[in-house]
Amino acid sequence: GAGVSQTPSNKVTEKGKYVELRCDPISGHTALYWYRQSLGQGPEFLIYFQGTGAADDSGLPNDRFFAVRPEGSVSTLKIQRTERGDSAVYLCASSLNAGVGNEQFFGPGTRLTVL
Amino acid sequence: AQSVTQLDSQVPVFEEAPVELRCNYSSSVSVYLFWYVQYPNQGLQLLLKYLSGSTLVKGINGFEAEFNKSQTSFHLRKPSVHISDTAEYFCAVSDGGYQKVTFGTGTKLQVIP
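For the protein sequence lines, the chains are W and B, in the order given.
Using my numbering, you'd call the opening residue of the first sequence number 1 and step up by one each time.
Using my numbering, you'd call the opening residue of the second sequence number 1 and step up by one each time.
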C-alpha cells in the first residue's frame with residue numbers, strides 16, 4: 001500500500017518568503033506528526049494531530065510556524081517570513097492512532113533551503 | 001524531560017563483523033524505546049521497539065537491542081553486518097501517551113567491504 005508522501009521533495013526559497021509543505025498520511029491513520037531534522041541532528045518534534053485537531057503544538061519554534069489538517073487526512077505545514085535558520089528537512093509521520101504501541105510511519109521528507 | 005544520547009556519531013565496521021551502537025536515555029517516568037534506521041535518500045524506518053516485557057528485543061534485518069534499566073541504556077547490536085546495513089541509526093525515547101518521541105543525534109554506520 002501507499003506510504004506517507006510529502007511534497008515537494010525539495011523547496012528552495014528566499015528569506016522572508018512564505019512556504020507550504022504538504023503531507024499525505026497513510027489512509028486510515030488518525031494520528032499525524034511533523035518533525036524537523038537539521039543537519040547533523042535527529043528529528044525534532046514540532047506538532048502532533050489527532051484527527052483534525054492539533055493535540056500538541058509545543059514543538060513549534062515560534063509563531064511563524066503553523067500547521068493544519070482540516071479534514072483529518074492531508075496536513076500542511078506553513079512557514080511565514082522564512083529565515084535561513086529554517087533550512088532543514090521537514091518530516092511527516094502517521095500512525096494508526098496515538099497509542100504508544102502504534103508505529104509511526106515516516107515520509108521521505110521535504111528539504112527546505114532558505115537562501 | 002526525556003533525552004537520548006548517542007555517543008558515537010560514526011561507526012566504521014568491516015563486513016561480517018559484529019557491531020554495537022550505543023544509546024543512553026534519561027526520563028523521569030516509564031520509558032518506551034525505539035531504534036530507527038534511515039537509509040540514504042529514504043524515510044525513517046522502525047527497526048525495533050521496547051514497550052514492556054522481555055528486555056531483549058529483536059527487530060528487522062537481524063538487529064536486536066537490550067533494555068538495561070539500571071544503566072539507562074538501549075544498545076543496538078547485530079552479530080554480522082552486511083554492506084546493505086550502511087545507514088544512519090537513531091535511538092529514540094517516549095514517555096508514553098501519544099508517542100511524542102525524542103530522537104538522538106544519530107550514528108552513521110559505515111560497513112566496509
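Just so you know, these hints were derived from the structure itself, not from any lab.
It should be emphasised that the depicted structure is a prediction, and the values quoted were computed from it without experimental measurement.
One or more hints might be untrue.
As the list claims (entries may be wrong) - Chain B stretches covered by chain W per the calculated footprint, using a threshold of three residues with CB under 8 Å from any CB of chain W:
#, segment
1, 43 to 57
2, 100 to 113
Claimed, not checked - Far from chain W, by Cβ distances over 12 Å, these chain B residues were calculated:
#, residue
3, Q6
4, S9
5, E20
Heads up, the beta-carbon is just placed ideally off N, CA and C, and yes, glycines get one too.
For each hint, the structure was consulted:
no., hint, in the structure
1, 43 to 57, "holds (count 6)"
2, 100 to 113, "holds (count 7)"
3, Q6, "violated, 8 Å"
4, S9, "violated, 8 Å"
5, E20, "holds, 19 Å"
Checked against the numbered hints given earlier, this structure breaks hints 3 and 4; the rest are met.
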